[in-house]
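There are 2 protein chains.
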Amino acid sequence: MAVVVMKFGGTSVANVERIKNVARHVKREVDAGNQVAAVVSAMTGVTNQLVSWVRETSVLHDAREYDAVVASGEMVTAGLLAIALQSLGIQARSWQGWQIPVITDKSHGSARITGIDGEPLRQRLAAGEVAVVTGFQGIEPENNRLATLGRGGSDTSAVALAIALKADICDIYTDVDGVYTTDPRVVPKARRLPKVSYEEMLEMASLGSKVLQTRSVELAMVHRMRTRVLSSFVAPDAMPAVGGSNSWEDIGTIVCDEDEIVEQQVVSGIAYAKDEAKVTILKVADKPGIAARIFGPLAEANVNVDMIVQNLSADGRHTDMTFTVQASELPRTLEVLKGTKADIGYFDVKSSADVVKVSVIGVGMRSHAGVAAMMFKALADKGINILAITTSEIKISVLIDAVYAELAVRTLHTLYGLDKD
Amino acid sequence: MAVVVMKFGGTSVANVERIKNVARHVKREVDAGNQVAAVVSAMTGVTNQLVSWVRETSVLHDAREYDAVVASGEMVTAGLLAIALQSLGIQARSWQGWQIPVITDKSHGSARITGIDGEPLRQRLAAGEVAVVTGFQGIEPENNRLATLGRGGSDTSAVALAIALKADICDIYTDVDGVYTTDPRVVPKARRLPKVSYEEMLEMASLGSKVLQTRSVELAMVHRMRTRVLSSFVAPDAMPAVGGSNSWEDIGTIVCDEDEIVEQQVVSGIAYAKDEAKVTILKVADKPGIAARIFGPLAEANVNVDMIVQNLSADGRHTDMTFTVQASELPRTLEVLKGTKADIGYFDVKSSADVVKVSVIGVGMRSHAGVAAMMFKALADKGINILAITTSEIKISVLIDAVYAELAVRTLHTLYGLDKD
Numbered sequence: 008m009a010v011v012v013m014k015f016g017g018t019s020v021a022n023v024e025r026i027k028n029v030a031r032h033v034k035r036e037v038d039a040g041n042q043v044a045a046v047v048s049a050m051t052g053v054t055n056q057l058v059s060w061v062r063e064t065s066v067l068h069d070a071r072e073y074d075a076v077v078a079s080g081e082m083v084t085a086g087l088l089a090i091a092l093q094s095l096g097i098q099a100r101s102w103q104g105w106q107i108p109v110i111t112d113k114s115h116g117s118a119r120i121t122g123i124d125g126e127p128l129r130q131r132l133a134a135g136e137v138a139v140v141t142g143f144q145g146i147e148p149e150n151n152r153l154a155t156l157g158r159g160g161s162d163t164s165a166v167a168l169a170i171a172l173k174a175d176i177c178d179i180y181t182d183v184d185g186v187y188t189t190d191p192r193v194v195p196k197a198r199r200l201p202k203v204s205y206e207e208m209l210e211m212a213s214l215g216s217k218v219l220q221t222r223s224v225e226l227a228m229v230h231r232m233r234t235r236v237l238s239s240f241v242a243p244d245a246m247p248a249v250g251g252s253n254s255w256e257d258i259g260t261i262v263c264d265e266d267e268i269v270e271q272q273v274v275s276g277i278a279y280a281k282d283e284a285k286v287t288i289l290k291v292a293d294k295p296g297i298a299a300r301i302f303g304p305l306a307e308a309n310v311n312v313d314m315i316v317q318n319l320s321a322d323g324r325h326t327d328m329t330f331t332v333q334a335s336e337l338p339r340t341l342e343v344l345k346g347t348k349a350d351i352g353y354f355d356v357k358s359s360a361d362v363v364k365v366s367v368i369g370v371g372m373r374s375h376a377g378v379a380a381m382m383f384k385a386l387a388d389k390g391i392n393i394l395a396i397t398t399s400e401i402k403i404s405v406l407i408d409a410v411y412a413e414l415a416v417r418t419l420h421t422l423y424g425l426d427k428d
Numbered sequence: 008m009a010v011v012v013m014k015f016g017g018t019s020v021a022n023v024e025r026i027k028n029v030a031r032h033v034k035r036e037v038d039a040g041n042q043v044a045a046v047v048s049a050m051t052g053v054t055n056q057l058v059s060w061v062r063e064t065s066v067l068h069d070a071r072e073y074d075a076v077v078a079s080g081e082m083v084t085a086g087l088l089a090i091a092l093q094s095l096g097i098q099a100r101s102w103q104g105w106q107i108p109v110i111t112d113k114s115h116g117s118a119r120i121t122g123i124d125g126e127p128l129r130q131r132l133a134a135g136e137v138a139v140v141t142g143f144q145g146i147e148p149e150n151n152r153l154a155t156l157g158r159g160g161s162d163t164s165a166v167a168l169a170i171a172l173k174a175d176i177c178d179i180y181t182d183v184d185g186v187y188t189t190d191p192r193v194v195p196k197a198r199r200l201p202k203v204s205y206e207e208m209l210e211m212a213s214l215g216s217k218v219l220q221t222r223s224v225e226l227a228m229v230h231r232m233r234t235r236v237l238s239s240f241v242a243p244d245a246m247p248a249v250g251g252s253n254s255w256e257d258i259g260t261i262v263c264d265e266d267e268i269v270e271q272q273v274v275s276g277i278a279y280a281k282d283e284a285k286v287t288i289l290k291v292a293d294k295p296g297i298a299a300r301i302f303g304p305l306a307e308a309n310v311n312v313d314m315i316v317q318n319l320s321a322d323g324r325h326t327d328m329t330f331t332v333q334a335s336e337l338p339r340t341l342e343v344l345k346g347t348k349a350d351i352g353y354f355d356v357k358s359s360a361d362v363v364k365v366s367v368i369g370v371g372m373r374s375h376a377g378v379a380a381m382m383f384k385a386l387a388d389k390g391i392n393i394l395a396i397t398t399s400e401i402k403i404s405v406l407i408d409a410v411y412a413e414l415a416v417r418t419l420h421t422l423y424g425l426d427k428d
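Line by line, the protein sequences are chains A and B.
My numbering numbers the first residue of the first sequence as 8 and each following residue consecutively.
My numbering numbers the first residue of the second sequence as 8 and each following residue consecutively.
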């Protein structure tokens with residue numbers, strides 16, 4: 008008997024037929040004797056419709072009212088799933104964020120969960136009732152108002168609830184059957200990873216792999232909550248229940264502690280992010296405090312600067328500063344730089360969105376030297392020029408011209424032995 | 008300065024453009040110095056979509072989950088109207104039923120409001136904030152679950168809120184500009200009534216006039232809450248604010264105490280209801296307790312019996328019993344009668360849905376004799392046969408063949424001097 012949180016995203020509950028399918032997934036777990044809390048997103052398209060109504064009403068709008076409008080989407084799915092479960096003979100009840108309550112801070116539109124009292128819900132679960140919980144939302148208690156967690160927040164809701172319920176696993180059902188070594192659309196030989204460490208998943212999530220929301224992985228990592236990515240589109244009966252057979256852990260990808268992963272590869276996956284833009288500031292005076300003058304105003308304007316490369320220019324007194332930002336933030340970045348030109352003192356600014364960031368990720372890198380050198384050599388052999396580099400303990404990212412993206416990903420996938428047999 | 012509750016139905020908030028129009032109606036009142044609480048329904052079509060999803064999920068469904076799903080519609084409108092108001096520079100906040108809270112009983116799907124603490128909201132209003140409140144819903148406190156009031160419940164929400172706020176008037180904005188002496192589609196000479204008494208409105212509402220929900224009128228009557236019916240489709244600037252000029256009470260129809268109506272007509276309006284069905288039970292034994300044997304089982308089956316006529320048959324030992332029910336309840340009625348045939352002991356049952364109930368309504372009847380006699384004579388002069396009659400202190404209803412409906416309504420409208428000059 009296990010306590011299982013099952014989260015179903017928008018495509019998994021896109022219409023009544025799929026909600027009924029989701030109910031059968033839940034039934035499988037209940038029939039196996041597991042206690043289940045199901046966390047649901049809004050039906051695909053519903054949240055977009057709600058957001059567009061808000062924007063049509065006013066481009067500038069009160070984030071608290073935005074939340075009140077947008078939070079309605081999950082209410083619908085939760086109620087429908089509870090009804091679908093009841094019609095399968097399963098005791099079930101829907102819970103809205105404020106009813107549990109899921110407490111959040113005041114950052115409406117991108118709130119953080121600050122607490123969930125899991126005990127009352129745990130008692131219901133122990134009594135055999137399935138709790139169907141609205142993802143993506145909670146309540147800001149001081150003003151008693153609904154708050155949403157921002158796009159993809161239902162993953163975070165699910166992990167937070169799993170922690171509060173001391174669940175054995177948090178199963179995130181989505182439209183893919185797990186986490187892959189890289190995007191299978193780019194590399195047909197990409198393999199599903201049976202297990203991946205929290206740290207690796209965190210890097211993959213923040214590097215553009217859309218399977219799990221970054222914040223949910225952070226939360227899972229901090230609390231060591233085993234989280235599994237699996238597909239709701241597999242027939243409910245064709246899948247073993249959690250704890251139901253020895254093979255249940257072979258389904259999907261389990262995000263877990265690295266100690267749990269017996270045959271750890273040096274590199275676990277190759278990620279790439281296309282929505283990068285490169286900015287180069289030419290001939291900046293090479294003097295103390297110049298980085299602060301450039302990046303201070305950008306930070307104030309909420310521009311997230313990622314990679315930074317500083318080159319000495321020929322004359323030795325000036326430097327060229329290159330950095331990357333999200334492509335969507337490029338116009339704002341150029342605006343800020345224009346306004347601070349006098350203060351910084353530079354010759355010109357050049358920018359390009361025709362770049363991609365390709366990253367190799369693996370906790371094995373910590374104990375293996377030469378991973379980066381291998382990477383640089385393989386890319387050079389293919390004639391791919393590296394525009395910038397950043398590294399962490401378990402990740403190496405390079406910025407390259409966009410035209411080489413697929414070539415680079417395929418080359419690295421083969422290089423680190425990730426190709427399917 | 009007045010405290011005004013303004014209620015906007017589904018067609019008044021059918022899309023963002025109309026919600027912005029509603030915001031301008033509210034602004035007119037705020038600009039005039041009034042304190043405003045706005046009660047909103049779901050956008051037209053939204054509730055139907057939600058209900059159909061529930062039914063698609065399961066024909067039999069938990070009423071509490073139905074409520075959780077369906078209550079989401081008003082959340083959307085309330086948030087959007089708050090945003091629209093803010094963008095006009097008006098301080099506003101949306102309130103969901105549970106946030107106020109609007110307390111209800113446990114009759115999910117058709118709950119009754121049992122209490123509203125108006126004081127906190129009153130303070131907000133006094134501080135210049137517009138409260139935008141979700142109609143149609145409240146919270147059942149014992150289980151902390153959403154409950155809806157049933158179709159048309161937003162009118163009741165508005166009146167209940169007006170009472171809790173000790174409002175000066177409850178303005179119900181709809182797609183017609185008031186209550187008419189009869190349906191203008193049948194009688195082009197129908198006039199708008201500037202004022203109508205609670206008692207008359209209650210009869211009109213329960214007799215098929217769809218302008219106000221019956222329960223909302225009952226509530227207004229018990230608490231003497233002046234309630235006005237007016238159109239949201241009139242240009243917001245073309246209408247005086249409440250208390251804003253001497254003529255503001257000339258807009259729409261005010262439902263009020265009969266003492267307030269100076270020139271009271273004997274008859275105020277002619278109502279008709281087409282969804283009636285007539286049932287005749289032939290040759291019932293004429294003995295004590297027979298009515299209980301017929302109508303007891305019907306009441307248990309939740310069939311609402313309206314008019315009842317009992318005729319002695321020729322032999323003096325049997326009687327024919329005729330009564331009317333809602334047309335939609337006719338199949339159930341016949342089913343029940345079939346099951347109780349042995350117990351009642353009758354010869355046959357005949358039924359017809361080709362009947363209408365036409366009613367003349369007016370508090371003036373109390374002090375005027377001969378109203379009914381005039382009616383019967385006028386109908387007889389036109390060759391219209393009366394199948395059944397019921398009366399109350401302020402109403403006379405007759406059941407006639409459906410083909411005569413329009414003729415009867417026009418005849419009576421002229422007879423009682425209601426035709427427009």
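Hints may be right or wrong, so weigh each one.
As the list makes no split between identical chains, a pair holds if one copy fits it or if it spans any two.
What the hints assert, rightly or not - In silico SDA-like cross-links for lysine to any residue, where the CA-CA straight-line distance does not exceed 20 Å:
| hint | residue 1 | residue 2 |
| --- | --- | --- |
| 1 | 34 | 65 |
| 2 | 348 | 136 |
| 3 | 389 | 62 |
| 4 | 27 | 70 |
| 5 | 173 | 40 |
| 6 | 27 | 159 |
| 7 | 290 | 148 |
| 8 | 27 | 294 |
| 9 | 27 | 71 |
| 10 | 294 | 407 |
| 11 | 384 | 397 |
| 12 | 389 | 96 |
| 13 | 196 | 413 |
| 14 | 27 | 68 |
| 15 | 348 | 251 |
| 16 | 294 | 213 |
| 17 | 27 | 349 |
| 18 | 173 | 389 |
| 19 | 173 | 264 |
| 20 | 345 | 291 |
| 21 | 357 | 375 |
| 22 | 196 | 377 |
| 23 | 345 | 292 |
| 24 | 113 | 311 |
| 25 | 34 | 68 |
For the record, the hints were derived by calculation from the structure and aren't laboratory data.
Query raised in the report: Which of the numbered hints above does this structure break?
Result: 2, 3, 6, 7, 8, 10, 12, 15, 16, 17, 18, 21, 22, 24
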